[in-house]
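Participant: One-letter residues, chain by chain:
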Amino acid sequence: MDDRRTDLSLFRDLQEGAALEGEPAPTLEEVTAMAALLREVERPAVPPDLVPGLVQALSTAGPLGEPAAHAGGIRPLLRLLWADARFMPLSFLVIEGVLLAGAFLINWVLARDLPYDAGVGRSADGFILMAPWMGLAAVLFALRPTERSVWGDLEALSPFPPAVRLLVRAAAGMLTAMAGMAVTWLVSPGPVSLSLAVLVLARTAPLLMAVGWAVAWAVTFGPRAAVAASLGLWGAVTVLGPQLGSWNLLAVPQGLDRAAPQWTALALAALLWLWAVWRSRVLNGAGAAQAGGR
Amino acid sequence: MAGPTPLAAPAAPTQSGGELAAGLAAGDRSALVHLAEAWGPRIYRYLASRLADRELVRDLTQETLTRAVDAIRRGTRPRDLKAWLFRIATNLLRDELRSGYRNRVVLTEVPERGAGEDTEQKALDQMRQEAVRQAVLGLPPDLQEVLTLRFYEGFSVDEVAAITGLPVGTVKSRLYRAYRRLEEQLAPWRHQPRQGGNADGR
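Sequences listed follow chains W and R, in order.
Counting in this note's numbering, the first sequence tops out at residue 294, every number present.
Counting in this note's numbering, the second sequence tops out at residue 1202, every number present.
Just chain R, with the same shape it has in the complex (with noise of 0.2 Å):
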């Protein structure tokens, strides 16, 4: 199977994970740069797309970070290290959702629109991208993290059952069932016409 696409590609990291824990467990103060700047925007914004607390998903972001480079310097040596550090950001992640967090999620705010921008069409764009928004957000914990993973975050299916834990099989029918529900409720918007991309320019 060819490898998905990450749709945002983070700053590209330099050293291979091999080198970076090297570097973090020999006590390399620019290993532990790389690993912020590489990894930490990465991180937060999956976990930003799950949580609405921003003041949170940086506490996440740093908890993830922290955690790995204790790990590191304890002797583990992760084989993978992009999806070691989004197993761990996954499993904090999902001890937030059991605690009970999910009842304060609220859907992400809105992008603010420029002054002058809200012609028909525009007003049209913002729409249709708020019941997306809507939509992933609305769907089960279960489908939603299957579906940033693969779909967002751009892992391949093997690697999301590896970063989840889940049997290979439970993430394809997983992604389906995300599949077949984002279908349903966003039917009436895919084959409206858009102005263009999105703001990323993609």
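Just chain W, same shape as in the assembly (with noise of 0.2 Å):
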């Protein structure tokens, strides 16, 4: 009775499927037949020994009741970062792809006759203008119901806390984007010049000030909040900017000693990375301390 309810039910799922694939599909003869085929394979034996080994696993594997106490060091940040690169799907590297060609596509035809050092500019001004909607697009993907699933199976089995998990992304993303920019100085033609420095400071400066207040929105109100709050303050940026005058944080300063946005913008990125650590500690010794009582 239970076989022929399961033959049942697998024969709908088949007949959708063929439906999905254009195909024909198997008659519910054809189905019961393979059914009972496929049950003549042997489940795999239990050995008798598995769940003794089990219990005593899981006794010893640390006290219960307590919360699991994550190792500190580089290592086990970089074994999180690797995780994460790991599961990343191919559709979402598409996307960060396209729009990074989309910011070289329209520094190249928006900014190509700026009187930047020759070609660092451009990459300079593509990679920072792109990147915050780079980071909203990571963002974004990670909320997709679809990747939910999975990436909530890496979420709820870190090691890690939220925060910390959330910081040391950012961080990792912010020193990935300035590696970047840092080559792209490396190899730019000739000396390297007082405007490059002042470009460079132009650029770093709002990247910096957007992912500090990207991180301490998130940390403090979720996900969700960081991302209205970054598409808020960018498009703000980018909308509001050029009313500013000197005070456009796009704009690229006369020079070193007349960028006071910029050293500005530094500050209080500094002071929004300061408040997401606190927080994050906060957030995480709280954490602990309600694990410890349970």
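I should point out that these hints are in silico values taken from the structure, not numbers from a laboratory.
A few of these clues could be false.
What the hints assert, rightly or not - Restraint-style ranges between C-beta atoms, simulated for each label pair:
| hint | chain 1 | residue 1 | chain 2 | residue 2 | range |
| --- | --- | --- | --- | --- | --- |
| 1 | R | Q1126 | W | A19 | 17 to 23 Å |
| 2 | W | A260 | R | G1018 | 55 to 61 Å |
| 3 | W | A267 | R | P1140 | 54 to 60 Å |
To be verified - Which bits of chain W does chain R cover? Going by a derived footprint, with three or more residues having C-beta under 8 Å, they are:
| hint | region |
| --- | --- |
| 4 | 226 to 232 |
| 5 | 251 to 259 |
The beta-carbon is built from N, C-alpha and C at its ideal position, and this holds for glycine as well.
Put the complex together from the two separate chains, hints included.
Facilitator: Shown next, in the form of structure tokens:
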């Protein structure tokens, strides 16, 4: 009776699968015959000492009722980043690649006549101006329902608290962007000029401030709030910036001594990062206390 | 859609997922024993149907339950414990397969037969079972994953989608493709007379 019900259920699934594939569906008799064959495969035997071994292993894995202490140091953090990288779906990488290509294209079209140092300004602009959108795409992708299960597992099973994971990922992304800029700088033709240093400052300051802004919101109010806050900030900077004159954060100052908006943005970024780190420590401590009390 | 019936019923869990999670979070040792007894064998069988190395299967079973306990102790409360445990196991399994383990996968061992049973019909049954086993294990990993969860573990298509992180339509398509592949490979055996059920009496 159970087999009959199972076969019928399987038959319906196969009918729907066949329709999706645009192929003829099997008959119930065919499915029943196939199911009977498949049932002949013996399920692997369970060793008799499996359960006692599991109980012993689980008992000695750590005292129950206490939160699992995560090891400190850089290696666990690198493992966290590696785990993230391995589970990045191809579609996500494609989206990021398209955004990056768009950055170059937009910059090439709009900024090719700007008097930046040869070639370097365009690359720096392309990367920095598109970075927030790439970051937003990453966050939105992580929130997609179809990906939530796999990412949710990673998040749930990670030995690190959510705030630490966020800070590590944000810091890694930021350092990657900075490293990319440094490479661009190093491979630029000719000696490094003061104007190039000003340009790098002009592009780095809003980047660091934008990331700090997003991280502070995420740690305090969650990822959705961070997405909304980032959209608001970057939209305002992009739309209202030209009306702010010399305080336009996206404008390149005439010299380091006239870069007050950029220095202010860097200071603000530092404060936001300090807030995020402090907040994550508070949350972590509260979480540990809560878990310890269970 | 009517829910499927698991072909090999596990030791029936007597505690709900919520009760079990609450017990584990509270440090209740009996909850831990219950987790190992109710779900250890089932997770083991699932992993062993995909991997040949029994020591590795044992390690992954232990890892699955350890991760689950750790996550529950940190505050995770799975809505569906069964699907959640299989999702953890499936992710561990995928990790193994991605790391090249598949190159070392061999077909599961042929069950030993008692002396005196090698009659012609017994030999034919054994050949057919081996052909089915090889056909299932010869499926591409993505098709084998869906077939194993849907047919052998008795999950519904929706549950398989939740476990694997795939859209429901993709699960159905893969299930259908797995069926067609098996149909091609097992065509010679589909109408062979059998002596009886398998060793489990099914």
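Participant: Each hint: holds or not?
Facilitator: Results for each hint:
no.: 1; hint: Q1126/R / A19/W: 17 to 23 Å; verdict: 37 Å, violated
no.: 2; hint: A260/W / G1018/R: 55 to 61 Å; verdict: 58 Å, holds
no.: 3; hint: A267/W / P1140/R: 54 to 60 Å; verdict: 55 Å, holds
no.: 4; hint: 226 to 232; verdict: violated (count 0)
no.: 5; hint: 251 to 259; verdict: violated (count 0)
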